[in-house]
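Protein chains: 4
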Amino acid sequence: MQKITLLIHCEDQPNIIASVTNFMASNDGNIVYIDQHVDREQNIFFMRLECEFDSDIFSLEDFKTLFNSTLAEQFKLDWKIFSAERKPKMALFISKYDHCLYDILGRYNSGELHLEIPFILSNHLDLKPIADSFNIPFYHVPVTKTTKQEAEQEQLKLLESHNIDFIVLARYMQIVSETLIDKYPNKIINIHHSFLPAFVGAKPYHSAYKRGVKIIGATSHYITEELDAGPIIEQDVAHVSHTHSIKDLIAKGRDLEKIVLSNAIKLHADRKVMVFNNKTVIFS
Amino acid sequence: MQKITLLIHCEDQPNIIASVTNFMASNDGNIVYIDQHVDREQNIFFMRLECEFDSDIFSLEDFKTLFNSTLAEQFKLDWKIFSAERKPKMALFISKYDHCLYDILGRYNSGELHLEIPFILSNHLDLKPIADSFNIPFYHVPVTKTTKQEAEQEQLKLLESHNIDFIVLARYMQIVSETLIDKYPNKIINIHHSFLPAFVGAKPYHSAYKRGVKIIGATSHYITEELDAGPIIEQDVAHVSHTHSIKDLIAKGRDLEKIVLSNAIKLHADRKVMVFNNKTVIFS
Amino acid sequence: MQKITLLIHCEDQPNIIASVTNFMASNDGNIVYIDQHVDREQNIFFMRLECEFDSDIFSLEDFKTLFNSTLAEQFKLDWKIFSAERKPKMALFISKYDHCLYDILGRYNSGELHLEIPFILSNHLDLKPIADSFNIPFYHVPVTKTTKQEAEQEQLKLLESHNIDFIVLARYMQIVSETLIDKYPNKIINIHHSFLPAFVGAKPYHSAYKRGVKIIGATSHYITEELDAGPIIEQDVAHVSHTHSIKDLIAKGRDLEKIVLSNAIKLHADRKVMVFNNKTVIFS
Amino acid sequence: MQKITLLIHCEDQPNIIASVTNFMASNDGNIVYIDQHVDREQNIFFMRLECEFDSDIFSLEDFKTLFNSTLAEQFKLDWKIFSAERKPKMALFISKYDHCLYDILGRYNSGELHLEIPFILSNHLDLKPIADSFNIPFYHVPVTKTTKQEAEQEQLKLLESHNIDFIVLARYMQIVSETLIDKYPNKIINIHHSFLPAFVGAKPYHSAYKRGVKIIGATSHYITEELDAGPIIEQDVAHVSHTHSIKDLIAKGRDLEKIVLSNAIKLHADRKVMVFNNKTVIFS
Numbered sequence: 001m002q003k004i005t006l007l008i009h010c011e012d013q014p015n016i017i018a019s020v021t022n023f024m025a026s027n028d029g030n031i032v033y034i035d036q037h038v039d040r041e042q043n044i045f046f047m048r049l050e051c052e053f054d055s056d057i058f059s060l061e062d063f064k065t066l067f068n069s070t071l072a073e074q075f076k077l078d079w080k081i082f083s084a085e086r087k088p089k090m091a092l093f094i095s096k097y098d099h100c101l102y103d104i105l106g107r108y109n110s111g112e113l114h115l116e117i118p119f120i121l122s123n124h125l126d127l128k129p130i131a132d133s134f135n136i137p138f139y140h141v142p143v144t145k146t147t148k149q150e151a152e153q154e155q156l157k158l159l160e161s162h163n164i165d166f167i168v169l170a171r172y173m174q175i176v177s178e179t180l181i182d183k184y185p186n187k188i189i190n191i192h193h194s195f196l197p198a199f200v201g202a203k204p205y206h207s208a209y210k211r212g213v214k215i216i217g218a219t220s221h222y223i224t225e226e227l228d229a230g231p232i233i234e235q236d237v238a239h240v241s242h243t244h245s246i247k248d249l250i251a252k253g254r255d256l257e258k259i260v261l262s263n264a265i266k267l268h269a270d271r272k273v274m275v276f277n278n279k280t281v282i283f284s
Numbered sequence: 001m002q003k004i005t006l007l008i009h010c011e012d013q014p015n016i017i018a019s020v021t022n023f024m025a026s027n028d029g030n031i032v033y034i035d036q037h038v039d040r041e042q043n044i045f046f047m048r049l050e051c052e053f054d055s056d057i058f059s060l061e062d063f064k065t066l067f068n069s070t071l072a073e074q075f076k077l078d079w080k081i082f083s084a085e086r087k088p089k090m091a092l093f094i095s096k097y098d099h100c101l102y103d104i105l106g107r108y109n110s111g112e113l114h115l116e117i118p119f120i121l122s123n124h125l126d127l128k129p130i131a132d133s134f135n136i137p138f139y140h141v142p143v144t145k146t147t148k149q150e151a152e153q154e155q156l157k158l159l160e161s162h163n164i165d166f167i168v169l170a171r172y173m174q175i176v177s178e179t180l181i182d183k184y185p186n187k188i189i190n191i192h193h194s195f196l197p198a199f200v201g202a203k204p205y206h207s208a209y210k211r212g213v214k215i216i217g218a219t220s221h222y223i224t225e226e227l228d229a230g231p232i233i234e235q236d237v238a239h240v241s242h243t244h245s246i247k248d249l250i251a252k253g254r255d256l257e258k259i260v261l262s263n264a265i266k267l268h269a270d271r272k273v274m275v276f277n278n279k280t281v282i283f284s
Numbered sequence: 001m002q003k004i005t006l007l008i009h010c011e012d013q014p015n016i017i018a019s020v021t022n023f024m025a026s027n028d029g030n031i032v033y034i035d036q037h038v039d040r041e042q043n044i045f046f047m048r049l050e051c052e053f054d055s056d057i058f059s060l061e062d063f064k065t066l067f068n069s070t071l072a073e074q075f076k077l078d079w080k081i082f083s084a085e086r087k088p089k090m091a092l093f094i095s096k097y098d099h100c101l102y103d104i105l106g107r108y109n110s111g112e113l114h115l116e117i118p119f120i121l122s123n124h125l126d127l128k129p130i131a132d133s134f135n136i137p138f139y140h141v142p143v144t145k146t147t148k149q150e151a152e153q154e155q156l157k158l159l160e161s162h163n164i165d166f167i168v169l170a171r172y173m174q175i176v177s178e179t180l181i182d183k184y185p186n187k188i189i190n191i192h193h194s195f196l197p198a199f200v201g202a203k204p205y206h207s208a209y210k211r212g213v214k215i216i217g218a219t220s221h222y223i224t225e226e227l228d229a230g231p232i233i234e235q236d237v238a239h240v241s242h243t244h245s246i247k248d249l250i251a252k253g254r255d256l257e258k259i260v261l262s263n264a265i266k267l268h269a270d271r272k273v274m275v276f277n278n279k280t281v282i283f284s
Numbered sequence: 001m002q003k004i005t006l007l008i009h010c011e012d013q014p015n016i017i018a019s020v021t022n023f024m025a026s027n028d029g030n031i032v033y034i035d036q037h038v039d040r041e042q043n044i045f046f047m048r049l050e051c052e053f054d055s056d057i058f059s060l061e062d063f064k065t066l067f068n069s070t071l072a073e074q075f076k077l078d079w080k081i082f083s084a085e086r087k088p089k090m091a092l093f094i095s096k097y098d099h100c101l102y103d104i105l106g107r108y109n110s111g112e113l114h115l116e117i118p119f120i121l122s123n124h125l126d127l128k129p130i131a132d133s134f135n136i137p138f139y140h141v142p143v144t145k146t147t148k149q150e151a152e153q154e155q156l157k158l159l160e161s162h163n164i165d166f167i168v169l170a171r172y173m174q175i176v177s178e179t180l181i182d183k184y185p186n187k188i189i190n191i192h193h194s195f196l197p198a199f200v201g202a203k204p205y206h207s208a209y210k211r212g213v214k215i216i217g218a219t220s221h222y223i224t225e226e227l228d229a230g231p232i233i234e235q236d237v238a239h240v241s242h243t244h245s246i247k248d249l250i251a252k253g254r255d256l257e258k259i260v261l262s263n264a265i266k267l268h269a270d271r272k273v274m275v276f277n278n279k280t281v282i283f284s
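Residue numbers (UniProt numbering), protein chains in the order written: chain A, 1 to 284; chain B, 1 to 284; chain C, 1 to 284; chain D, 1 to 284.
Because the hints were derived from the structure by calculation, they are not lab data. Take these hints with a grain of salt, some might be off.
So, partial list: chain D residues that the calculated Cβ filter (under 7 Å) puts toward chain A [unchecked claim]: (1) G106; (2) D255; (3) I259; (4) N277.
Glycine is no exception: its CB is placed at the ideal position from the N, C-alpha and C atoms.
Build out the structure end to end from the sequences listed, making use of the hints.
So, in structure tokens, the structure goes:
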């Protein structure tokens with residue numbers, strides 16, 4: 001049995017659900033999951049569908065060609081088809097904080113994540129021992145003002161040579177370049193340590209402390225050119241009080257950051273996230 | 001345009017999604033919502049679908065007859081079809097607590113609930129003024145050991161004469177009879193003031209206090225013959241500490257009870273709840 | 001037995017806790033509650049203390065005079081002493097939304113709030129029937145561009161003649177004047193329908209929808225001259241998804257608003273909130 | 001400067017707060033933290049106090065002797081005094097699950113925990129590499145039916161020779177013996193993977209799935225002789241739905257377990273937990 005995941009969006013129009021399900025049936029596919037959403041404000045239709053085919057006769061490439069020339073053309077679909085067999089490849093960019101790293105690698109080790117991690121990249125050497133202890137290749141790519149462009153070239157080369165599908169900035173602490181963003185649109189996941197859009201930019205816990213909020217948060221989102229303004233994948237919060245110092249907020253925030261980032265990784269790797277007009281549709 | 005909601009469940013089997021969507025299309029229906037779930041443990045397929053038809057030519061009764069003799073028979077479906085036009089009728093059973101009552105009636109008044117409340121029934125007169133202030137008929141049906149059966153007969157007569165679709169026990173504080181449960185299976189919603197299955201039965205806040213829990217909860221569920229053991233619709237919790245007295249737990253719990261019960265009412269009234277084998281599938 | 005609540009803050013300094021507790025003991029008081037907080041950033045000490053005295057010999061006024069001329073002078077205290085006997089008087093300002101109003105009055109009726117509501121004031125007549133059904137005097141003070149100042153004068157007169165201690169804006173939807181804010185500093189509680197500082201100003205649910213956040217919130221805070229920037233008393237949030245329309249966010253938000261506002265009212269009425277430098281210390 | 005933490009409980013009685021604070025002042029101590037609680041049901045007074053003394057002249061032993069012969073005797077206090085300098089020593093008992101272990105060691109490494117971990121003990125060898133990578137001594141003490149008593153003796157010897165203050169069962173999966181419980185009363189912290197008292201005993205996620213709950217939880221508590229019935233330190237929950245399989249519940253639960261257990265460890269190590277009559281008072 002071969003399983004595919006289909007993601008589509010298009011202008012909302014009649015008969016689209018029936019047409020797609022019919023197409024699968026007439027190609028001997030058995031739909032095992034279907035979910036859909038209509039954005040009434042923008043009149044956009046979204047659908048996620050999982051379908052099983054007999055491995056002996058099914059060809060993913062032929063199927064894609066057929067789908068493209070028929071349904072995709074008829075309904076002017078924006079579409080993606082993934083084979084369940086192929087695990088997405090994720091590059092992990094880190095700096096000096098280890099809490100997200102431990103959380104991700106712990107889950108990776110236990111088989112909770114359906115993905116591969118071909119390498120970990122950092123601008124510092126501090127966390128190399130952790131990468132080593134999990135037996136994952138570690139690349140040290142320092143970033144300074146003068147070497148920024150070289151570093152970027154090295155990053156791109158690594159990403160390409162490892163066929164990376166998406167990048168996770170696990171508290172990477174560096175602004176990634178437009179070139180990288182353009183090459184990996186809605187494929188670079190960041191964790192920001194505030195409930196966006198509150199406290200954009202640097203030192204959000206300090207700002208939260210100063211404002212005297214009773215709730216702190218963390219937000220995972222896709223990186224876009226505007227700082228901390230990309231499509232939000234997942235957010236969570238924790239209650240705090242006047243008794244919490246900035247250091248306490250940072251400690252409590254770490255727990256949010258690691259869970260929120262790992263959840264976003266899982267959603268993305270399982271092809272459950274669609275992006276349209278800087279917002280996400282999440283079929284969970 | 002006439003909109004229907006279809007709820008089905010059956011043994012999981014190939015091609016069911018395509019067959020149902022195809023049926024709708026071939027009857028000139030346009031599917032505007034579809035969601036499905038497969039219980040892999042029990043091998044049961046569940047689906048909720050909303051479909052629009054041209055009011056000029058669509059007949060709900062003819063459609064039901066056709067559906068029943070074709071798809072329903074072919075796949076051995078357990079099915080229900082509701083017209084979106086017809087708001088369900090809800091009877092509200094109360095006793096002396098007013099917090100759930102105010103919450104429900106406030107929402108009802110503001111148009112948040114898609115249902116009708118033909119009457120409120122209570123075994124006490126205390127809350128009649130509230131019913132009056134919202135202009136909803138109030139029936140006083142006292143329940144004592146000796147009059148229990150008469151009271152039940154009066155309840156049944158009221159429910160039938162008002163064509164009641166479902167009953168909400170908004171802290172009614174009385175055990176309802178088997179006769180009532182049999183006549184309204186999975187149609188009597190109760191709010192229990194604990195996170196079930198913890199603290200079944202009377203005085204759960206007292207038990208929670210005694211056990212020293214750090215979290216209290218509330219659970220809305222359908223009434224079945226076994227006490228507090230029916231299918232759970234919605235639950236929520238709140239954090240508490242050693243500083244909370246039993247009175248504090250009761251006060252904090254009231255906020256949970258009213259929100260959880262109102263959410264359950266909305267889900268049921270919008271036909272988003274399916275029950276199978278004492279568990280719910282909730283398409284939200 | 002007469003119970004007082006003492007709130008103090010001052011520059012942090014040695015021996016202050018022992019001195020205050022000693023003062024109470026040497027005046028035949030028995031401390032039944034004590035909590036304190038030190039803001040290490042600003043080096044400010046905060047304390048809340050409840051103390052019981054023998055009613056036969058205790059005079060609140062004498063006690064205040066003595067406290068003022070001794071401890072308060074010695075430690076340069078900013079202090080307030082309340083008698084537990086005197087319930088604070090709260091004026092309720094409303095407009096056309098009824099969810100917070102019902103929630104507050106339901107709690108008031110059931111004895112959950114330790115305060116008095118001498119009157120409800122609104123710029124519209126829509127909710128007068130609710131005030132009537134709870135037997136609370138209702139004043140209609142319309143506010144238009146031309147009558148704004150007169151309206152304010154009328155408000156002030158009503159507040160003074162009823163000895164109002166604090167004001168609650170239960171979705172009042174009008175910007176209150178500087179005069180009012182100056183007369184009731186940190187005594188006007190507002191409910192803002194977002195998790196501040198995100199989405200300051202009008203239509204926060206529309207902004208939240210547009211940004212695609214996965215969490216919405218509500219914030220109760222004291223009104224200051226800067227819009228939505230006053231000291232935060234309480235916040236809460238709810239998870240949302242792409243399936244929620246703006247209308248859904250508004251409905252879900254109503255549940256947050258009413259609970260968060262009522263909690264803030266309780267904290268303020270129980271003298272558990274201290275304000276310093278635009279932040280709150282909450283002894284709960 | 002030397003800082004001590006004092007924990008006391010006793011029958012509630014007048015003047016106790018003033019007497020204790022006075023005692024500290026008259027011994028040249030400066031109170032920097034005080035919190036108290038009265039359990040009105042049981043008439044028990046609890047207090048936690050932090051006090052600073054001049055290191056040059058302060059002797060902890062002399063202070064304890066004086067405190068014991070005066071205040072402790074006068075008020076019949078149950079008391080403990082800890083020096084802030086001495087970090088508590090924690091033994092970590094594990095089995096085959098690594099998520100709690102990674103979480104604890106990650107925090108330990110980053111300096112978030114104020115404690116020492118002299119050793120990790122397990123009945124299996126699987127997780128030894130993790131202990132090694134964090135450079136913490138690992139003892140393999142297998143437990144079988146026939147070797148149970150020997151194993152227990154070995155455990156006790158290790159605990160004593162390392163001067164262990166408290167034990168954490170990080171998903172240890174073995175029932176610990178009465179002997180161990182007696183030697184470490186309210187000093188063995190367990191993590192149970194349900195919101196107790198729901199789903200006591202084995203396989204709580206399976207039971208939760210079967211009951212169809214909409215919320216799962218985790219509970220950290222002190223081990224007592226009755227299974228899963230000891231004093232609760234911390235609990236947290238997560239919302240789930242019909243879409244979650246047992247495997248999903250287990251994965252989601254792991255996130256709860258690790259955060260809840262680590263929080264309990266922090267509270268205990270910071271001497272913020274008091275136990276009385278199978279319930280906890282937590283001064284946070």
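Hints versus structure:
Annotation: interface hint on G106/D holds; nearest CB of chain A at approximately 4 Å, less than 7 Å. Satisfaction of the interface hint for D255/D is found here, the shortest Cβ-Cβ separation to chain A being roughly 6 Å, below the 7 Å cut-off. Hint status for I259/D: holds, given a least beta-carbon distance of 6 Å to chain A, under 7 Å. Because the beta carbon of N277/D sits about 27 Å from the nearest beta carbon in chain A, more than 7 Å, this interface hint is broken.
Hint check: a violation occurs at hint 4 only; the rest are consistent with the structure.
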